[in-house]
Amino acid sequence: MTDQLPDAIVAGPKGPALDLLHIVQINEEIKSVVAVAFKINIMALNAIFLAKRAGTAALGFGVLSNELRSFSSQLRETMLSLNALIHASVDGVSAMLQDSRYNDILERAVVLASKNKHLQEVIEQRENATDQFRSKLSGLRRALRSSVDDAYRLVELGGVLAKSAKIEAAYGAGFSSSLSQVSGEFDGIVEEIRTSLDTLRKSSFFRG
Amino acid sequence: MKTTQTIFQDGDHKWLAIVRDPAKADFLIDTNEYLITHGGQGMLLDPGGLEIFPAVFSAVATEFDPSAISAIFASHQDPDVISSLALWLEFNPQLRCHVSWMWSGFIPHFGGVASTFAPIPDEGMTISLAGLSLQAVPAHYLHSSGNHNLYDRTAKMFFSGDIGAALLPADQQGLFVKDFSTHIRHAEGFHRRWMGSNEAKHQWCSRVSQLDIDMLCPQHGAIYQGEDVQRFINWFDSLQVGVLRA
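Protein chains in written order, with this note's numbering: chain A, 1 to 208; chain B, 1 to 246.
Treat the hints loosely; a few may be bogus.
[Said to hold, decoys possible] Listed below are the simulated DSS-like cross-link pairs for lysine-lysine, each with C-alpha atoms no more than 30 Å apart in a straight line:
1) Lys-39/A x Lys-52/A
2) Lys-117/A x Lys-14/B
3) Lys-178/B x Lys-115/A
4) Lys-115/A x Lys-14/B
5) Lys-156/B x Lys-14/A
6) Lys-178/B x Lys-156/B
7) Lys-166/A x Lys-39/A
8) Lys-24/B x Lys-117/A
Since the hints were made in silico from the structure, they are not lab data.
A quick note: this is a predicted structure, and the numbers were derived from the prediction, not measured.
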């Protein structure tokens, strides 16, 4: 027995195993965005109360706070639909991983029993099944990428709302300082989500 | 690649032993697989783990059409016994897997559909292979809690699963036991530790002593033949099992 690790372990995951790793990373990023989206909802609710207290001086801020609350709801919905796609993709990639494992073992059998006709037939049937898995996964990749892009566009809109809230905060008279602090927090959080989504868009999973 | 050796033949009724792969990684326990053929059909006994599927498949294919394997007999649920099930099903999706009822809900985790599994009751049962009657013989707690051996009365061949197993050194890899007293030293530690019940062991020895057996074929190690069969049963009967140290 040797203590040396096999090449496959040293080289790290590849193929479907690498896809699975990427998709797990995407899922973690989405979970963090969903948590942040929930935070915006609470912040927007507090901002609405603050604007009410500020009265006519913060009317514009109040309107924007309502919009930000609506934005956070839309963002959560988008992220939940992304979650459904992620789960379907994890299913697809896991099936590919098992398929690829079996194919590897059958390929090893071919090396040892190259003339077995039935083995070739089984491998051909499996290749067809593999093509179907691959095609389904390809569709899921596209749908996921498209949903991430939709979420990104939504977050750009959220960014505009947060910046407008910052401007409106300046007209908040005696509440200006509190409103500026809240709108600054909005802006920071939206920026955080934008960075997360940007990372998602660059995931190697979409290049597979 | 493993080699295939015919250990019994009477017309198209055969027992093939699929054994000893020099290319096998050391960290995998060595296993013996057996193929019974009769009337153009085959039954594979303890087909082995996923990792050794290529070696077993290629060895079987040298002697028999793998797509004609209509049944698998799994003595119990261990991965070295049956984790290759999904790949054998690729060659014959109608293949039946005979296994203790206890494991018929566990082994599907390796593959198969509901109709794949033919549960064996605790008391054993007769299994037919193209008209050849084979008897599933209870061997519970030796070592698995749901465990069967397979007896071919016509051929006087007995597949004993883990019972009779020996962990042989590299320089003693013969297919048959040549010198019982030397061989049994490699079986002692295995039986003391893996076999969990002295009572079950006594019952098994009493049951199997009544059968007419020419060869006792374990899943690991070498095959006992002739007088070594009863010699093994007597040795096993007097061995204290279910202990951590000898």
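Hints, one by one, checked against the model:
At roughly 20 Å between alpha-carbon atoms, Lys-39/A and Lys-52/A fall within 30 Å of each other, so this suggested pair holds. For the suggested pair Lys-117/A and Lys-14/B, the alpha carbons sit about 23 Å apart, so the restraint of at most 30 Å is met. Distance check on the hinted pair: Lys-178/B and Lys-115/A sit about 36 Å apart at the alpha-carbon level, beyond 30 Å; violated. Only pairs whose Cα atoms come within 30 Å are accepted, and Lys-115/A paired with Lys-14/B is accepted, the gap being roughly 23 Å.
Using a Cα cut-off of 30 Å, the hinted pair Lys-156/B and Lys-14/A is violated, with the two alpha carbons roughly 51 Å apart. Annotation: proposed proximity of Lys-178/B to Lys-156/B holds, straight-line Cα distance about 20 Å (limit 30 Å). Distance restraint check for Lys-166/A and Lys-39/A: the Cα-Cα separation of roughly 18 Å lies within the 30 Å cut-off, and the hinted pair is therefore satisfied. In summary, the hint linking Lys-24/B to Lys-117/A is supported, as the alpha carbons are separated by about 25 Å, within the 30 Å threshold.
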